[in-house]
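**Student:** Sequence:
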Amino acid sequence: MMANPRAQTVAKQTVAALMREARAAGWARAKFEIRPDGSVTIDAGMTLPESNDDFLAADLRMGK
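Numbers 0 to 63, taken from numbering that gives the first Met the number 0, label the letters of the sequence shown in order.
If you're looking for bench data, these hints aren't it; they were derived computationally from the structure. Do not rely on the hints blindly, as some may be mistaken.
Stated by the list, open to error - Pairwise CB distance ranges, derived in the manner of DEER restraints:
1. THR46 <-> ALA6: 27 to 33 Å
2. ALA2 <-> GLY25: 35 to 41 Å
3. ASN3 <-> GLU49: 26 to 32 Å
4. ALA2 <-> GLY44: 35 to 41 Å
5. ASN3 <-> GLY44: 18 to 24 Å
6. ASN3 <-> ARG34: 26 to 32 Å
7. LEU17 <-> PRO48: 15 to 21 Å
8. ASN3 <-> VAL39: 16 to 22 Å
9. ALA2 <-> ASP36: 27 to 33 Å
10. PRO4 <-> THR40: 16 to 22 Å
11. THR8 <-> GLU49: 33 to 39 Å
12. ALA2 <-> LYS30: 26 to 32 Å
13. ASN3 <-> THR40: 19 to 25 Å
Owing to the predicted nature of the structure, the values given are computational and were not obtained by experimental measurement. Here a beta-carbon is modelled for each residue, glycine too, at the ideal position from N, C-alpha and C.
With the hints as constraints, model all of the structure from the sequences given.
**Tutor:** The structure is reproduced here in structure tokens:
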């Protein structure tokens, strides 16, 4: 008889399966966080998040 797998082991297997499916579906991003208790947080989407790195040319002035 096989012992019951730990919660973290099950979470890792689930995340591995989700990553394979995300790649196959063409998702732009997928981030998974596994906690010691086996819980999983997923941040995924079909588009990349907008970056806040935009700046104006006026912001590039040096000196006065």
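**Student:** ASN3 and ARG34, beta-carbon distance inside 26 to 32 Å?
**Tutor:** violated, 19 Å
**Student:** Quick check: does the Cβ-Cβ distance between THR8 and GLU49 fall within 33 to 39 Å?
**Tutor:** holds, 36 Å
**Student:** Is 16 to 22 Å a correct range for the gap between the Cβ atoms of PRO4 and THR40?
**Tutor:** For PRO4 and THR40 the Cβ distance comes to about 20 Å; the hint holds.
**Student:** Starting from the hint 35 to 41 Å, judge whether the C-beta atoms of ALA2 and GLY44 obey it.
**Tutor:** holds, 37 Å
**Student:** Please test the hint of 16 to 22 Å on the beta carbon pair from ASN3 and VAL39.
**Tutor:** holds, 18 Å
**Student:** 27 to 33 Å was suggested as the range; check whether the CB atoms of THR46 and ALA6 agree with it.
**Tutor:** Because 32 Å falls inside the window, the suggested range holds.
**Student:** Are ALA2 and ASP36 spaced within 27 to 33 Å by their CB atoms?
**Tutor:** violated, 19 Å
**Student:** ASN3 and THR40, beta-carbon distance inside 19 to 25 Å?
**Tutor:** holds, 23 Å
**Student:** Could you tell me whether the CB distance from LEU17 to PRO48 stays inside 15 to 21 Å?
**Tutor:** holds, 19 Å
**Student:** Given the range 26 to 32 Å, decide if the beta-carbon distance of ALA2 to LYS30 lies inside it.
**Tutor:** holds, 31 Å
**Student:** Would you say the C-beta atoms of ASN3 and GLU49 sit inside 26 to 32 Å of each other?
**Tutor:** 43 Å Cβ-Cβ, so the 26 to 32 Å window is violated.
**Student:** Go ahead and decide if the range 35 to 41 Å is satisfied by the Cβ distance of ALA2 to GLY25.
**Tutor:** Given a distance of about 38 Å, which is inside 35 to 41 Å, the answer is holds.
Checked against the numbered hints above, the structure breaks hints 3, 5, 6, 9 and satisfies the rest.
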